[in-house]
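Trainee: Given next are the chains, with one letter for each unit.
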Amino acid sequence: MRSTFSGLNIGASALAAQQRALDVTGHNIANANTQGYSRQSVSMVTTRPIRTYSGFVGTGVQINNITRIRDQFVDAQIRNEINLTGEWETKYDILSKLELIINEPSDNSLRSVLDEYWAAWQQLSKNPESSAVRAAVMQSGITLSDTLNHMSRQFTDLQDDLNNEITVKVTEINSYGRQIRDLNVQIVKAETEGFPANDLRDRRDYLVDQLARIADIGVNEDSVGALQITIGGRALVAREELTEMKCIQNQFDPSRTAIVWLDRSTGNPLGEVSIKGGELKGYLDMLKTTVPQLKEEIDELTRRIATEVNELHRQGYGADKSTGLDFFTRLDDNVPFSAANIRVNQDIIDDITKIAAAITDDPDALAGDGANALLLAQLKSKKAINPGVFSPPLSVTGTTLPATVEISAASGNNRLYVTIDGTTRTLTLADGIYDTTDTTQMDALAADIQAQLDAEFGPLAAAASFSGGRLQISSLGGESHSGIYEISGSAASVLGLKTGYNTTFDDFFRSSVAQLGVITMEAERMTDNQNLLLNQLQNKRETISGVSLDEEMTNMIRYQHAYTAAARLITTMDEMLDLIVNRLGLVGR
Amino acid sequence: MRMTNNIMINNLKHNISRNMYRLSTLDTMLSTGKRINKPSDDPTGIVNSLRLSSRLKETTQYQGNVADAKSWLESTDSALGSLNAVLNRVYELTVKAANGPLSVEDRGTIMEELSQLKNEVITIANTSHGDRYVFGGRNTTEPPYQGTDWITPLNTAQINYEIGVGITVPVNVTADQVFSAGQPGDPDDPAAPQDLLTTLQQIIDHMSSGVTEDINKLGNEDLERLKLNIDTVLSARAQIGARVNRLEMASDRLYELEINLTSLKEDVEGVDPAKVILDMKNQENVYTAALAVGARIIQPTLMNFLN
Chain G
0 MRSTFSGLNI GASALAAQQR ALDVTGHNIA NANTQGYSRQ SVSMVTTRPI RTYSGFVGTG
60 VQINNITRIR DQFVDAQIRN EINLTGEWET KYDILSKLEL IINEPSDNSL RSVLDEYWAA
120 WQQLSKNPES SAVRAAVMQS GITLSDTLNH MSRQFTDLQD DLNNEITVKV TEINSYGRQI
180 RDLNVQIVKA ETEGFPANDL RDRRDYLVDQ LARIADIGVN EDSVGALQIT IGGRALVARE
240 ELTEMKCIQN QFDPSRTAIV WLDRSTGNPL GEVSIKGGEL KGYLDMLKTT VPQLKEEIDE
300 LTRRIATEVN ELHRQGYGAD KSTGLDFFTR LDDNVPFSAA NIRVNQDIID DITKIAAAIT
360 DDPDALAGDG ANALLLAQLK SKKAINPGVF SPPLSVTGTT LPATVEISAA SGNNRLYVTI
420 DGTTRTLTLA DGIYDTTDTT QMDALAADIQ AQLDAEFGPL AAAASFSGGR LQISSLGGES
480 HSGIYEISGS AASVLGLKTG YNTTFDDFFR SSVAQLGVIT MEAERMTDNQ NLLLNQLQNK
540 RETISGVSLD EEMTNMIRYQ HAYTAAARLI TTMDEMLDLI VNRLGLVGR
Chain L
0 MRMTNNIMIN NLKHNISRNM YRLSTLDTML STGKRINKPS DDPTGIVNSL RLSSRLKETT
60 QYQGNVADAK SWLESTDSAL GSLNAVLNRV YELTVKAANG PLSVEDRGTI MEELSQLKNE
120 VITIANTSHG DRYVFGGRNT TEPPYQGTDW ITPLNTAQIN YEIGVGITVP VNVTADQVFS
180 AGQPGDPDDP AAPQDLLTTL QQIIDHMSSG VTEDINKLGN EDLERLKLNI DTVLSARAQI
240 GARVNRLEMA SDRLYELEIN LTSLKEDVEG VDPAKVILDM KNQENVYTAA LAVGARIIQP
300 TLMNFLN
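Residue numbers (numbering that gives the first Met the number 0), protein chains in the order written: chain G, 0 to 588; chain L, 0 to 306.
Note that these hints are calculated values from the structure, not bench results. Be aware that a few hints might be false.
[As the list claims (entries may be wrong)] Here are the computed lysine-lysine pairs in the DSSO-like style, where the Cα-Cα straight-line distance is at most 27 Å: (1) L:Lys264 / L:Lys56; (2) G:Lys287 / G:Lys275; (3) L:Lys264 / G:Lys381; (4) G:Lys539 / L:Lys12; (5) G:Lys381 / L:Lys56; (6) L:Lys56 / G:Lys382; (7) L:Lys33 / L:Lys264; (8) L:Lys12 / L:Lys280; (9) G:Lys287 / G:Lys96; (10) L:Lys280 / G:Lys382; (11) L:Lys69 / L:Lys95; (12) L:Lys264 / G:Lys96; (13) L:Lys280 / L:Lys33; (14) L:Lys33 / G:Lys96; (15) L:Lys56 / L:Lys33.
Take these sequences, add in the hints, and give me the full structure.
Mentor: Right under this line is the structure:
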């Protein structure tokens, strides 16, 4: 026998189920533009049927569960690509900033300033009497040193910025880690109670995507629904535990930030975090290689220009007969020349007659003697630098010497400049005609040089020796940055000691610019490709998880109609009951 | 495939931004007139572009040097031209004095003229170009002939201007090359080079003494010496002429080089405006089309058709 009210129950379950389905549709529509949201769908099942003599009879509908539509595989793909995108975008961004520092092609780049500088010497060689032209040389020297100083400052600023960015990113990692940890706790709690925590999971997946942009992460979900996030093989979040990280100064290189794990309980630094991808890798790579390399190239250029200019300037004579004066000096005498550490000699700024345009000290010829200025101008096309050599040569070996070598103070070829770690000292060799086949005599010369090296730089700085017809001077300072940077001066060429250089300043700078251009172009292309790929993957995810308003509207109509029909069912049931209760058995009344 | 409104919006955003980026690249090209605006635009092109810029700058400098050298040499040449004229007149007068019996008045007039001519020679010796004395070697601030003699020591060094990488040209001739300055001469050998001013003084002295022996010397020795001096001046002038020719050739070469470099530079970094404008118009069309299509696609949803 059928229960009188079973029809009403069916209607009621239908109303409740359709209403719930409408709620979900509403939720979907509401979150159509929420970042990371995946659409939810309601699955309805029939309630348990009743067995009657005429077979099973349905008893209505119930909501089985509300699930989010999501593809874990696409998620993993997106995280991989988002990681690469982050890395290349960061690199491209930094490289574009480097391009701005290099500032080519333009009329006020280092190259243009350098061109002006050589042109000023060229003018002075034609008109050494004119103090206006002298002033122009001084001014263009100041412009050159200012430009170098400014570039160096821009490099340092960029390095500071990058270090700050790294700190910000690490803070973000910690913050995302904390939120993911908190969500882990909530999700595990909710799901053990039997409800799928759809919205919490969406939120957590969104955070993981953000994290994947910053660093390469490993993601692993355990059986209870908690995520484990690892960075460089070490757990950032493990279920309910969070290991934070922190930035400290790199102990080997103070210009770089290092990222370390912190002990959970004590907060002490543990080991360095190994970063293999993402924005952080972009920052770290740039800080470690490209930026310091380019900076070092400009420093090397500065060093060579200053050394070459000074050497020629020292041998010349000013209009006031002064000689032996450096054109460029250092701001800090304790460190070698660098783009940050160069200025025009204050003596020259104070008195431009000290600019050594003349090559002889013949008092009657000084005024019109511009021969040394011409030599300085010709440095422009002199091969005076080696490309790509960033560590200084540790020893200088001369060429095989001719049978006799004459050194005399009168001919001015008795001076040898040795630069070790940026300090230049002048060694003076004894006059004489040296027989280079006579080892005793040459050993004596080497011993003389050795004695002077010891006296000037202290013992154990450098060693001079003679063997196989060649003279060699090498540093004893170990690796790192101590060593002989250069041996120059007139005696050096007589003794075949002049360091060989194979590129002009112009070529050196141009090849730096070209290199930067190549890697920037690659970064730009990679960024472009990655963005395209990521866009496609995100669209793929959107086809699966995205909310389609048309679809939701259709569903809304569907559920609304079902709701209306269920309501009609109840009305019908109501009318039937009304018939039974109020109008049945009234025959003949 | 399932489509949602957001996919369409994302794609549209992506495409519009790419279109805009291309448009802005073309715009930068057009507004700067350069194809290369940063090293990454064309890393190999920029090397050429920078090299050509430096070469061009260098060439301009050398052109300036050539012009300066020429103007210096031309000043010298015109001085030597007048010197030549002066010496020819001296020669004429000396021949006249040596050959004919002259009245006392005539001799007086000739002597007066000769001493004026000698002063003229001194003025020429102290010719200056700008504020620089051209015959004083590298000592350009002091007149080389002062009072009655050359200054000591007389500088005879060359002044070199660079007119090409590593190529220099001397721009000055010195007093010893023109005036045989400082050459003592030999009283017994008229063929020995002698200072021009000494020669002139000797001519004046021989004329004024009135002694027959001296008058004879005018014709025998002084003329020969003077001729030697004139030859020296002529050869100095020839040398200057040769240098000016060389400079003119260098100037032509530099001018051609400048044109070549400029056109090469234009080829490397310049844009073809017609092409870029066409590209830009094309890109603009694509961009407008994307916007128009976007406006149509995004708007309608099912809601527009439900009552």
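Trainee: For each hint, tell me whether it holds in the structure or not.
Mentor: Tested hints:
1. Distance check on the hinted pair: L:Lys264 and L:Lys56 sit about 12 Å apart at the alpha-carbon level, within 27 Å; holds.
2. For the hint pairing G:Lys287 with G:Lys275, the CA-to-CA distance comes to about 14 Å; that is within 27 Å, so the pair holds.
3. For the hint pairing L:Lys264 with G:Lys381, the CA-to-CA distance comes to about 23 Å; that is within 27 Å, so the pair holds.
4. Restraint check for G:Lys539 and L:Lys12: satisfied, since their Cα atoms lie roughly 16 Å apart, inside the 27 Å limit.
5. A hinted pair counts as satisfied when its Cα atoms are at most 27 Å apart, and G:Lys381 with L:Lys56 qualifies at roughly 17 Å.
6. A hinted pair counts as satisfied when its Cα atoms are at most 27 Å apart, and L:Lys56 with G:Lys382 qualifies at roughly 19 Å.
7. Using a Cα cut-off of 27 Å, the hinted pair L:Lys33 and L:Lys264 holds, with the two alpha carbons roughly 10 Å apart.
8. Simply put, L:Lys12 and L:Lys280 have alpha-carbon atoms about 21 Å apart, close enough for the 27 Å limit, and the pair holds.
9. Between G:Lys287 and G:Lys96 the alpha-carbon distance is near 16 Å, which keeps this suggested pair within the 27 Å criterion.
10. With a C-alpha separation of about 48 Å, the suggested pair L:Lys280 and G:Lys382 falls outside the 27 Å cut-off, and the hint is violated.
11. With a C-alpha separation of about 39 Å, the suggested pair L:Lys69 and L:Lys95 falls outside the 27 Å cut-off, and the hint is violated.
12. A hinted pair counts as satisfied when its Cα atoms are at most 27 Å apart, and L:Lys264 with G:Lys96 qualifies at roughly 26 Å.
13. The hinted pair formed by L:Lys280 and L:Lys33 meets the criterion: a straight-line CA distance of about 18 Å does not exceed 27 Å.
14. Among the hinted pairs, L:Lys33 with G:Lys96 is consistent with the structure: their alpha-carbon atoms are about 20 Å apart, no more than 27 Å.
15. Under the criterion of a C-alpha separation no larger than 27 Å, the hint pairing L:Lys56 with L:Lys33 is consistent with the structure, at around 18 Å.
Hint violations for this structure: numbers 10 and 11, all remaining hints satisfied.
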